[in-house]
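There are 4 protein chains.
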Amino acid sequence: MQEQSENIESIKIPALDAILGKKFPVLDDGFIRVIDYMGGDEAIVQAARVSYGKGTKQVRQDRGLIRYLLRHKHSTPFEMCEIKLHIRIPMDAWRQWIRHRTANVNEYSTRYSLAIDSAQTTKNDEWRLQSSDNKQGSSGFFDSQIGQILSEEEANLHKNLKEIYLKRIEMGMAREQARKDLPLSTYTEAYWKIDLHNLLHFLKLRMDSHAQFEIRQYATLIGQEIVSKWVPITWEAFTDFSINSTEFSGVEMQILKKIIEKDEISANEIAKKSGWLELDKNGELKHSLERMEFEQKITTLGLIPNWKA
Amino acid sequence: MQEQSENIESIKIPALDAILGKKFPVLDDGFIRVIDYMGGDEAIVQAARVSYGKGTKQVRQDRGLIRYLLRHKHSTPFEMCEIKLHIRIPMDAWRQWIRHRTANVNEYSTRYSLAIDSAQTTKNDEWRLQSSDNKQGSSGFFDSQIGQILSEEEANLHKNLKEIYLKRIEMGMAREQARKDLPLSTYTEAYWKIDLHNLLHFLKLRMDSHAQFEIRQYATLIGQEIVSKWVPITWEAFTDFSINSTEFSGVEMQILKKIIEKDEISANEIAKKSGWLELDKNGELKHSLERMEFEQKITTLGLIPNWKA
Amino acid sequence: MQEQSENIESIKIPALDAILGKKFPVLDDGFIRVIDYMGGDEAIVQAARVSYGKGTKQVRQDRGLIRYLLRHKHSTPFEMCEIKLHIRIPMDAWRQWIRHRTANVNEYSTRYSLAIDSAQTTKNDEWRLQSSDNKQGSSGFFDSQIGQILSEEEANLHKNLKEIYLKRIEMGMAREQARKDLPLSTYTEAYWKIDLHNLLHFLKLRMDSHAQFEIRQYATLIGQEIVSKWVPITWEAFTDFSINSTEFSGVEMQILKKIIEKDEISANEIAKKSGWLELDKNGELKHSLERMEFEQKITTLGLIPNWKA
Amino acid sequence: MQEQSENIESIKIPALDAILGKKFPVLDDGFIRVIDYMGGDEAIVQAARVSYGKGTKQVRQDRGLIRYLLRHKHSTPFEMCEIKLHIRIPMDAWRQWIRHRTANVNEYSTRYSLAIDSAQTTKNDEWRLQSSDNKQGSSGFFDSQIGQILSEEEANLHKNLKEIYLKRIEMGMAREQARKDLPLSTYTEAYWKIDLHNLLHFLKLRMDSHAQFEIRQYATLIGQEIVSKWVPITWEAFTDFSINSTEFSGVEMQILKKIIEKDEISANEIAKKSGWLELDKNGELKHSLERMEFEQKITTLGLIPNWKA
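Protein chains in written order, with our numbering: chain A, 149 to 457; chain B, 149 to 457; chain C, 149 to 457; chain D, 149 to 457.
Keep in mind that the hints were calculated from the coordinates and are not lab data. Please note that the accuracy of each hint is not assured.
No copy labels: a pair is met if it fits in one copy or bridges any two.
[Stated by the list, open to error] Quick list of in silico lysine-lysine cross-link-like pairs, BS3-like style, CA-CA up to 30 Å:
id	residue 1	residue 2
1	221	160
2	307	445
3	429	352
4	420	406
5	420	170
6	421	352
7	310	406
8	352	420
9	160	410
10	271	315
11	445	405
12	421	377
13	160	307
14	445	352
15	434	271
16	160	271
17	429	271
18	420	445
19	307	352
20	434	221
21	456	421
22	171	429
23	421	170
24	283	160
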């Protein structure tokens, strides 16, 4: 390997230093702020070049290398960057967040201290309707007049729950027990430290349109306001190759080829063999999730299949 | 390495098979049951002997080997056993449980399905007082007459919260939002899969007297009813060398030696040098957590220090 | 959630039980054999249904569910299956294997025991040429006459290294030091335990044509002989959606759409904007990895781009 | 929680900055150098205080808090510090190192590049004898005249292996295959990134007298030259409570108490019940590892047991 100079300095990213400690508000009373970080785009290149046994090159080549690494899922160089965030978030969203096991966490303890005196409130026009096609999602909003009633009821509920909590505390009840009936909307805080590879995985899942609204606000903010400043080249590559990418299965590629070639018969044959074109007793195409997802993907390519069962 | 026979069978533990699927009740409406497992004491020995390049020996030597491995914190053979539990637990206790990141988890989704219609209730004589010496613990109980009032209030609260939740659902609110004000006492369920090494670590922390009452009930049950049947030799060794062990720091060993030798002057000198014997302005020994923890430990040995600052 | 019966049994997969302990040979003196396992396709469905709060359905729906989970990268249900393998492999390939950190490992210790008396030998027709286009790969073979010379030299070398090792041992040298000059081709053995999700990730990387020949033999065998029997539905889905899939970036989808629409001008414009069509001083298209990878992908669709810089 | 100022800076440790990039030599041709880091003692306190919901206090209290956290194995605050090292080490020692799975790694690739042209050489007086009482250790050295012969033989061997490797490369053999007979003593390099909690665990195991000499040199250097400068308060606490600590099992505490009280009869009874005092056919005390380890521990306390079977 190349001889390396003995005097080096920590990698510093001025654009990130400029927002260190700054509270980015999320939801009605949450926030995210960067506490500290290690590395940047340069550290990814540096680590990859240890593997390749090469010294540092120009920025232009760095960009190509980072894009290559990300595209081909060479994840270890991205693990060489680390970031620590301070997060204030409703417990309900935190319950989802904490499922990502690859981070380090210190959360505010409501055994040791009084619970944070704040619960997520919902405004008149923020009450969401159950999605009919997505069993775990929402779609559209309640009329804001109905919303007003719901918001008032929520405000009363929060007031009541808070009073009961505080009364318990004043009576001398153990904090660890007094909290048992606090609502899931209660805010909590935590320090959360994670490497860039695992952070991108988190963002991929939680910036997705299927993620719940609340956690999506946090993830989107981390991506657009923090990661984009910290590692701009990686962020661009991640957007291109991960956020905006489309994946076709082996069978889908075969059918796509036939559709492009306008060979409808073969396209239908392969689809049939894959179980996409079964008929119900009325002779209608049965619901097939795989077929429907494919249709959606090729719509982006301006194509429409002409299924014949 | 020794030649190994080609036909082997899965390790089966009849005592564990006998309780497979059985619901052990915990708290008022929780439970734990074993869904499946892999390995047993025999698998630990088997794995250790791959490292040592040796074949299987007699049970008596197996016991010695397992005790040796556990005592010397050779953890990898214990990772060769795996267990899968089905757990029903209040979300508040689950929040603590999930902090152990080395397990695999599938939790009941209240985005996809209606929240479980049950919250942990507290009986008249179960309301706990805040501990005065342990900021994150409880100590003693409220008088059951006061407890009765608290329990009734809790019952009303749960009824109210449930009605609000169900009303929101009936109105067509998205499940993911309707749940936001459910209390932390609401039950959840999960499949939880973990290897034996990490399970013992979990038990060490959560069977401890400083762990919160609720999670301690689950941990104790897992240890005494499940692990003891699954890996009886390991469970005995774990009890001896981990649950019941006492650790002395280097300085503590030095002071202990002097106290045993009845050399009070030297004992005091070392304690002083370690900052244990500082005086306040009234000439009294200052509070020193390290000194007090040492005193507690040597009490078990029938020793009492005679500090002179 | 549904009431569940109290008496259950471990999930058993007869097709896997039938090969339990059987040594599948790999390379000249390596092998893989299954020691034990937990779960199967059924356990994946079982875990997913805890999340959805639903009971068990028919096999037909199970297949759809497993395919949905795998396609949408819902990884936690796949973590509910676990397998333990006994592997005999050259240290050089094991060095790559062990980089996958999500498994449990017990390796044969050459500190404690004599090194395994076997090194991977290379036959006359197995000596590989350095790939010219892939800096970290091989391509084609040496003529077997040259190979014969190489194999003989290797045999002498192994003999010599073995003699030196044994002489050191006989002299009374510490095993931990005597081994220092053993070749990387020396065989080692290990127990290796991993969950199905992480195993599939391992297979995706190590069955790939870019993985080194040696480790690819092990990975392919695990996939085709073991995983296919253990979890046949998952294996089929993994083959369709992961092994055989093709991913297009956002920009690639845009260009693909234009090529399908035979709108060459727009295709070229987007490609240009993406930096794919830069010219060198001779007016030739510069080497662009991103462009070339795209060309390769659309070849599968029967398409050829007509670049104009 | 307390209001926190919006403008913060990365935690910088001048004593560590002063050695950033400096190569600390290890063995004949290895080194360790710090590439970057995040946090310090202050970050541990900062994270712990998020849990406790408190602001920053004085240094004196910080020391007490860090010692408390370390003593009571509250590990998460220590995970808030991260360090990245550049390591050059023989592959044989690296094989042990890499077993610690909680770090991030980028290793020099001998598939992509030529193997590092250096193997660990052993000087005349460095050849170690197999330990007779520790099956996996060494004890004492060969006479340096014998050592000279061994070193010369080793030099020839390394020369020969290097020539064969280079000849293979020159012939056009794939690097991934040419390396197969390189000795385990060949140097490799890697970037290795780990959090402080897991680093301390690594040091506990690898600074131990039972760790192999080679890796112990690296671990000791990391501890004494790097961690001691990075987090001096933590390093002191780690030395006191972990490196120098002694652990007694429940049974050992009981026997120790009886020995201190000079109650030999009871001490013997408990020991007997624990299986420590079995006799062989000659009426001699059988070898008992547990008994011997206990004897060794209480020797430190100036005590000698008087066993009577």
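Hints, verified against the model:
Taking identical chains as interchangeable, the C-alpha atoms of residue 221 and residue 160 lie at most 30 Å apart only when both belong to the same chain, with a minimum of 26 Å there against 33 Å between chains. For the identical chains of this complex, residue 307 and residue 445 are neighbours neither inside a copy (48 Å) nor across copies (47 Å), given an alpha-carbon limit of 30 Å. Taking identical chains as interchangeable, the C-alpha atoms of residue 429 and residue 352 are never at most 30 Å apart, the minima being 41 Å within one chain and 40 Å between chains. In the homo-oligomer, the alpha carbons of residue 420 and residue 406 lie at most 30 Å apart both inside one protomer (13 Å) and across protomers (28 Å), since each shortest distance falls under that limit.
In this homomeric assembly, residue 420 and residue 170 never come within 30 Å of each other (Cα to Cα): the closest approach is 56 Å inside a single copy and 39 Å across copies. For the identical chains of this complex, residue 421 and residue 352 are inter-copy neighbours only, at 25 Å across copies versus 33 Å inside a copy, given an alpha-carbon limit of 30 Å. In this assembly of identical chains, residue 310 and residue 406 lie within 30 Å of each other by CA distance neither inside one copy nor across copies; the values are 63 Å within and 55 Å between. Taking the shortest Cα distances, residue 352 and residue 420 sit within 30 Å of each other only across copies (28 Å), while inside one copy they are farther apart (33 Å).
With identical chains, the CA atoms of residue 160 and residue 410 are never at most 30 Å apart, being 55 Å at best within one copy and 47 Å at best between copies. Taking the closest pair of Cα atoms, residue 271 and residue 315 come within 30 Å of each other both inside a single copy (27 Å) and across two copies (18 Å). Taking identical chains as interchangeable, the C-alpha atoms of residue 445 and residue 405 lie at most 30 Å apart whether they share a chain (14 Å) or sit on different chains (11 Å). Taking CA atoms no more than 30 Å apart as the test, residue 421 paired with residue 377 passes between copies only; the shortest distance there is 23 Å, against 48 Å inside one copy.
In this homomeric assembly, residue 160 and residue 307 never come within 30 Å of each other (Cα to Cα): the closest approach is 46 Å inside a single copy and 44 Å across copies. For the homomeric pair residue 445 and residue 352, the shortest alpha-carbon distances inside one copy (18 Å) and between copies (23 Å) are both at most 30 Å. When the C-alpha separation of residue 434 and residue 271 is checked against a cutoff of 30 Å, the pair qualifies neither within a copy, at 41 Å, nor between copies, at 53 Å. In the homo-oligomer, the alpha carbons of residue 160 and residue 271 never lie at most 30 Å apart, since the shortest distance is 41 Å inside one protomer and 43 Å across protomers.
Taking identical chains as interchangeable, the C-alpha atoms of residue 429 and residue 271 are never at most 30 Å apart, the minima being 47 Å within one chain and 56 Å between chains. Both within a single protomer and between protomers do residue 420 and residue 445 lie at most 30 Å apart by alpha-carbon distance, with minima of 19 Å and 24 Å respectively. In this assembly of identical chains, residue 307 and residue 352 lie within 30 Å of each other by CA distance neither inside one copy nor across copies; the values are 37 Å within and 39 Å between. Taking the closest pair of Cα atoms, residue 434 and residue 221 come within 30 Å of each other only across two copies (25 Å); inside a single copy the shortest separation is 37 Å, beyond that limit.
In this assembly of identical chains, residue 456 and residue 421 lie within 30 Å of each other by CA distance solely inside one copy; the values are 13 Å within and 40 Å between copies. Proximity of residue 171 to residue 429 under the C-alpha cut-off of 30 Å is found in neither arrangement, the shortest distances being 59 Å within a copy and 43 Å between copies. Taking the shortest Cα distances, residue 421 and residue 170 never come within 30 Å of each other, neither inside one copy (57 Å) nor across copies (35 Å). Taking identical chains as interchangeable, the C-alpha atoms of residue 283 and residue 160 are never at most 30 Å apart, the minima being 45 Å within one chain and 32 Å between chains.
Of the numbered hints given earlier, the model fails hints 2, 3, 5, 7, 9, 13, 15, 16, 17, 19, 22, 23 and 24; all others are met.
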